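Order-wise, the sequence lines are chains A and B.
Using our numbering, the first residue of the first sequence is number 292, and each one after it goes up by one.
Using our numbering, the first residue of the second sequence is number 44, and each one after it goes up by one.
Accuracy of the hints is not assured; some may be wrong.
[As the list claims (entries may be wrong)] Chain A regions said to be covered by chain B (calculated; three or more residues, Cβ under 8 angstroms): (1) 398-408; (2) 519-527.
[As the list claims (entries may be wrong)] Residues from chain A shown here face chain B by an in silico Cβ test under 8 angstroms; the list is partial: (3) LEU365; (4) ASN393; (5) ALA480.
I should point out that these hints are in silico values taken from the structure, not numbers from a laboratory.
Nothing here was measured: the structure is a model prediction, and the numbers come from that model.
Heads up, the beta-carbon is just placed ideally off N, CA and C, and yes, glycines get one too.
Chain by chain, the residues run as shown.
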Amino acid sequence: MKFQIPQWHDELPSTNTTLSEWLHEGRELPDGFVLAARAQTAGRGRYERRWLTQPGRNLTFSMLLRSAAPNMQLLSLPMAAALGVATFLEEKDVAAQTKWPNDVLVNGRKICGILAQRGQAVVLGIGLNVNMDTDEAAAIDRPATSLRIETGNECAVEDVLDGLLLHLGEWIGRWQAGGFAVLRETWEARCANMGQYVEVGEDADRCTGVVLGFGAAGQLLLREDDGMQREVWAGDVDG
Amino acid sequence: MNEGKLRKLIQLFQDSDIDELEVQHSFWRGTRIRLSRGHASTTIAAPLAPPAAVAPSAPPATAVTPVEKIDDGLHEVLSPMVGTFYRASSPEIDPFVREGAHIDNGQTVCIIEAMKIMNEIPTDVGGEIVEILVDNAQAVEYNQPLFKIRPSS
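Bound-form chain B, shown alone (with noise of 0.2 angstroms):
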């Protein structure tokens, strides 16, 4: 998306009543804009061109810890890359944290593989696991969420 069609689609945002436009472009094609005037939501997703033939890809990881965002109270972490995600660091051992579990600030809650480097995911909020949105072993995109945390008061 250039910049004079992504200022056209602010500007139609601004010109509409809803409250929040997230579009998520396909997974290889990394294209995600996310408008939010801080109230309930309502996310639109739509595709902003015809699939290329050379279909580049989303970075898989560009920052060193995952990037969080309030939604009704409470942290989604969400995947720094591209990988495979898991919840144990071996299938032997239990899972770095399961639903109901309370972890600290830095805490490690699940490892991110991409390209045989299993990277472990710290969180920079402590709190309440209140959901975990993945399954072991699954595939999971650049952004997409993972857990829900209820942050300590």
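Excised from the complex, chain A in its bound form (with noise of 0.2 angstroms):
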């Protein structure tokens, strides 16, 4: 898949809430369009996890996917995402793996979270770690490192985002053609939680095992602790 060039803006709320706002106003935008923002005011996470932005600090962007899929193969988009970053980082020599279903980790610690949105088109919304420095990812709540802690080098985040581009349209374009199961290989190479015991989800819906793999559609599969094989569709995973 090919990405149009970027629209940046200087500073947005956050780039997946005005582009799904676009949307809903009826803008005319191209499949493959690129929001960029240098600071998001109240960028966010899965629900309601904020993502902090300063200007120039970390890259904050969504993208725009016109092209229809089935529910089932949609589900394993940020999956192809998540592989697309992963690539990219190791293309700067830093090692890094994935975490079900969408985040991408550095030594255990987070890099890049990944949000999206199905409305009238789906908004796929990427925030990536460039130049937060250790003080900046001691004062998140989870641990956090950066594309700076991790090199040394500063860099420019409209760079980082050309580059990102090349693999994010080599991944989703790929997951495109062939949905989950041309992920599987290198998903299952590179996820952090293959053969983990961990805790997924919250409350009442919280569930524990060990992780076998993925299904067809890259949804989780635990063996619990009473033996049984179990489908997780939704939450996060601890451990």
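Since each chain comes alone in its own frame, lean on the hints to assemble the complex.
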């Protein structure tokens, strides 16, 4: 898949929110449109988690995918994006692992978050920590890292996005052609959760077990403590 | 359930004097059968097989928009996928709809999150939201009723 030349803004509330609002307003935006912000004032992760962005520190952008995918196939889109981020980091000599369904970790620390929304089209938002320093990382409530922390080098976020889009285009293109089946081998080789004992979900929906692998749509397969196999379609993995 | 058992079930239903039969096999196994003569309903839920050592799941999503059905003049909006139900797109803003609200055909009524994809769920009927059947942030099953709507006349 080939993405458009990114449309950069110095500041937006959230690239995902803004792009979704533009779609609701009826703006005619092409497939592969990319909206990027040097600073976000109201960035967000899954549902309630905020994604902090100071000007030029980290990369935040959203992509528009208009091509319709069956619901089952669509579920693994964030996994394709996570693989694109992981191979981009590898190009920078940073070894990255994935965490189901869509996080990217370096040495167990989160470097990237991905959030997809589907309404009239699919909006895929990515936040990648680029120039965040160790003090800023320490202020986040979960272990976090950045390209700068891992490589010692600061980078222009615009350059990072240009390089990252090539990897995202490659992996999303493969995913469009064959869904999770074409991601499986690479995903399983890179996934930090494989074979681990994990906890998934919250409160009454919480379940625990050993990660056996992934189903046809990319859903998590757990062997629970009672020996039963369970498929998990939502929630965060801890462990 | 194989075809032979399904045929037998239909035959039993036809030979009985019940108006409606609904079999909701477990969430993770995905069987759901509903037979109705279109009158007042009697629902029977029964497992069809002993638990299997490996439990295949119902597909989380087989329709782009929710399936809706008529029950006592009300439409039930059913979840098109397995996931987590949210009444708003974020905690700081108002829910998409409240009970008593009038909605338009095609209006988004909730979000179902599955594998970090926030799916906006629209209705294909306009009318009044009579009841919201699921709590915010609750896990929902494929085809689970989410809303009851009284269609506009």
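Outcome of the hint check:
1. 398-408: holds (count 4)
2. 519-527: holds (count 7)
3. LEU365: 6 angstroms, holds
4. ASN393: 5 angstroms, holds
5. ALA480: 20 angstroms, violated
This entry does not satisfy hint 5, going by the numbered hints stated previously; all others are met.
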